[in-house]
Amino acid sequence: TFPNRHYMIAAQSGGQKKNVMPGPLGNQWETIFDRAKARGVSAAYYVVDLPFPATYGTRGLGWIRPIEQFYVDAAAGTLPQIAYVDPPFLDGGGGDGLSGDEHPHGDIRIGQAYMSEVAHAFLESPQFKRGAMFINYDEWGGFFDHVSPVFVPDDRASADLNESFGITGYRIPNAVLSPFAKRGHVSHATITHESILKLISYRFGLGFLNKRHRYASQIGKTLDWENPSYEVPDLPRPLPPLTTSCTVQGLLPKRSAVRAERAEEGPGLGALADYAERLGYEIQPATPERVFRDPSPSARALAKGWARVQR
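Per this note's numbering, the sequence shown starts with residue 71, numbered consecutively.
Please note that the accuracy of each hint is not assured.
[Claimed, not checked] Here are the simulated EDC-like cross-link-like pairs (lysine to aspartate or glutamate), alpha carbons at most 16 Å apart as the crow flies: (1) K252 <-> E296; (2) K88 <-> E209; (3) K87 <-> D208; (4) K252 <-> E209; (5) K281 <-> E138; (6) K199 <-> E301; (7) K88 <-> D208; (8) K199 <-> E100; (9) K199 <-> E347.
Just so you know, these hints were derived from the structure itself, not from any lab.
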């Protein structure tokens, strides 16, 4: 999870291959947020609970805004020029069936309900007419892909495939919401996390962070800048999600056993909570009132389950 997310904002992971918690000062390599700040471009990272920007230390905390502020900013047309939005992670992945990150064992309907809220907030924003939202995943959701990974330029490329960062992984889905998105179009270009960074750099004159960023494909080439369509697409609403934790239903072992198993895999988003709090960041609980603009009955029903997971 961590390396992929680092590539989303920095086009590198500092050579990290796993979820690695940084030292007291946080990761020190440059990100698109640092470049934006230096050039006077507004940028924010909206979070629900676990703050991934905390991996960059106190400077990363300065990028953070709460998710409820995203809804306010979108409605008012005051979203920053660059905005990242994260889902509720709860216990650091899966949430005992109740997380919104679509990670096992999370109910993907919760993640889709949250994504629908974020997407509709943008579609209804005055900024939709001149913006673009990229719905992205940090990693794949399976164990097979019939398309082989490709080699890409990277400062840490190596002839040793076990050590090389110059090769992609399994493909992940990406969707674009924008007047400039070609309706119903599927791009077959080689697109990576850095392709979005490259569009951002071209749009705001931010230059390139590294070789991976410089030579990435430009995702803006998949858009139609000459023939925008301002008709808001009609997106379906997700089905009602799971409202009782998997443990309570007997679908998972006791939470202590699940946590012990994850601990053997090394630090993850759960460890990030402790790190962020040591930096002085107060983590806000994921509640339907914060996560959803107008909590539906099914969303409100999640409250009891979420409270149980977060205890």
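Cross-check of the supplied hints:
{"no.": "1", "hint": "K252 <-> E296", "result": "holds, 11 Å"}
{"no.": "2", "hint": "K88 <-> E209", "result": "holds, 13 Å"}
{"no.": "3", "hint": "K87 <-> D208", "result": "holds, 14 Å"}
{"no.": "4", "hint": "K252 <-> E209", "result": "violated, 25 Å"}
{"no.": "5", "hint": "K281 <-> E138", "result": "violated, 36 Å"}
{"no.": "6", "hint": "K199 <-> E301", "result": "holds, 9 Å"}
{"no.": "7", "hint": "K88 <-> D208", "result": "holds, 13 Å"}
{"no.": "8", "hint": "K199 <-> E100", "result": "violated, 31 Å"}
{"no.": "9", "hint": "K199 <-> E347", "result": "violated, 38 Å"}
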